[in-house]
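S.K.: Combine the two chains into a complex, taking the hints into account.
Top line first, the protein sequences correspond to chains S and F.
Counting with the numbering used here, you get residues 1 to 152 for the letters of the first sequence.
Counting with the numbering used here, you get residues 1001 to 1205 for the letters of the second sequence.
The list that follows gives simulated cross-link-like pairs (lysine-lysine, DSBU-like), each with its CA atoms no further than 30 Å apart:
id, chain 1, residue 1, chain 2, residue 2
1, F, K1190, S, K83
2, F, K1041, S, K83
3, F, K1146, S, K53
4, F, K1196, F, K1041
5, F, K1190, F, K1041
6, F, K1196, S, K83
7, F, K1055, F, K1196
8, F, K1055, S, K83
9, F, K1190, F, K1055
10, F, K1041, F, K1055
Hints listed in this document are in silico derivations from the structure and should not be mistaken for laboratory results.
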Amino acid sequence: MLLAAFVFVGRGLGASGAVTAVVTAGLQAVAPDHAQSLEWLSGRLAGGERPLKDWLVFEGMGVFLGALISGLLARRAVIMVEKGPRVSTRGRMAGAFAGGALMSIGAAFALGCTSGQALTGGALLNLGSWAFMLMVFAGAYAVAAFMRWQWR
Amino acid sequence: MMAPFLKYDVFGSETSLVVAFLIGLGFGFALERAGFGSARKLVSQFYLNDLAVFKVMFTAIITAMLGVTYLSWIGVLNLSLVYLVPTFLLPQVVGGLILGAGFVVGGYCPGTALAATATGRMDAIVYGLGLYAGTFLFAELYPLIKPLHTATPMGQVTIPQYFSLSYGVVVFAVVLMAIGGFAGAGWVEKWMAARKELNVVAGGQ
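Next up, chain F with everything else stripped away, as it sits in the complex (with noise of 0.2 Å):
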């Protein structure tokens, strides 16, 4: 059997719709075993004392890599028809550059906000109300964003197509990355940690 199964007719659209629910049911249930149904536990990262968001992100980025390298590699998977988002470089700087600062006043993003508001955190509620609100906003004001929006368009591209390199050599990358990042990061957590006990002797904040 090939994967993905959808393109491959394993089953239809409507199965789909199920298959969608069920992933759902294990990607939340995963965020909020996480803890990050708490904004601050979410926030924590941007003031270093913990640096949850980036272990579970990376931990996440790198199964899925590995998995689908894998997967992939022994022919069970045909990467070409896994659905990769077009690169539009500029927008895409800008979007995230905004999203970031969003993510620091909102304490969410849109999926652990979702998972907030399912364990009873008002604020969530209200920051879903923003998402909307903002969505509306960049619907009304499309014609003037579209220049933007739709600025360097590159088409689906891959950072091994984009630099030439090998898709394996950039995997191994990604993952010495991951690891010199988890290092640091748990290195950071100490510092940070270190320093507060140094303040509360001294009677300071």
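Same shape as in the complex, but just chain S (with noise of 0.2 Å):
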């Protein structure tokens, strides 16, 4: 699949640039003099552009479906939430939120998430792209033993 993005579009999979998107599109809506004014969304906005209309979002789309089709397929989908014995509900949806806020702010940070920077980056033999990928590795070894509690 990543080979055909490359083949088909010239870039890459990226899944963090939808969340960015997303936020655009929500703060223009809501308050747009204010989106306007933040230079990391801003870019987004240049030009009339709308944020939604961004090939990541579309992809997005696709990897809902897609997961759905699949999950479905295999009897998979079902509502639940994932976590160890040992932890709450309420624990878990903390540490759940905590850590894709901290994912989205790495990954704004890097340029790009697991996807688009360690996937993509990767297979072209980006250098901040290996980089990325050794440190990903490095910060969730060295957080895994503090974790334990809510997946153990």
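M.R.: Okay, here's the thing in structure tokens:
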């Protein structure tokens, strides 16, 4: 799939970019002037661009549907909370929220997340992507011991 | 026909959105199929009893890397038109550490959270809200963050360029590394499984 993306459009995958596009669109709807004033987002609004008309957003919709189809076929699509046996649902939800926030801040710093930087950049032998990927594993293993309560 | 198709105007930017959707469809299907719609499966990587994340990630990287190399060698794909994210070494190192921590705390990465949301994982929805909150925070604080975010710019640079090695040599080295990594991963998994069994026999946890 990644190869197909390179061949067809000359860019790779990226999920965090879709999140940024959605935030930009949301903010533009609620407070357009404020959205325009934020340097990090305003590039997506330049020239009257519609932030949601973005390659990554459409890709995201595809990911959602693709996973749903696979999950239904394998009977894995069930409403549930993923957690270890020792943690309360509320605790797990707090972890999920905090983790999501950390992840998007990290992705913003690094100009991409697992799919955009590590996979796409990794395959293109991008220098920054490989440095990033090593650090992701380093960061995760460093924190893993303190997060055992959530998963084990 | 030369690739990337979009850059050579084989199709327009409207069609590219349809292509994006189709590529996403395949990506989502593959993620879910690999079991990556489950946070517990994903974080198992970091407790060393299931290294599927590592294996699948590297398989994808190697496949795409070899494919890209091959297509550019036979002159079908113009690599210089494939978008390369510019390298900013310091923020990417910092970002990687933060993101890695976020992975273990939250249990997903953005792509897998989407797949997990599609298959009914409530925690993945909350994780998604966290993503939006984090992005919003980053945008609001950007003036403060900018000096770090734009530090150590190195432009669009690949490993072979930076170390002045030939592309083929690096491709070969990465493949060797992956083969080594796979062997190592298999060994670690076996070792962890054996240790667990021993614990069960001894009545411990």
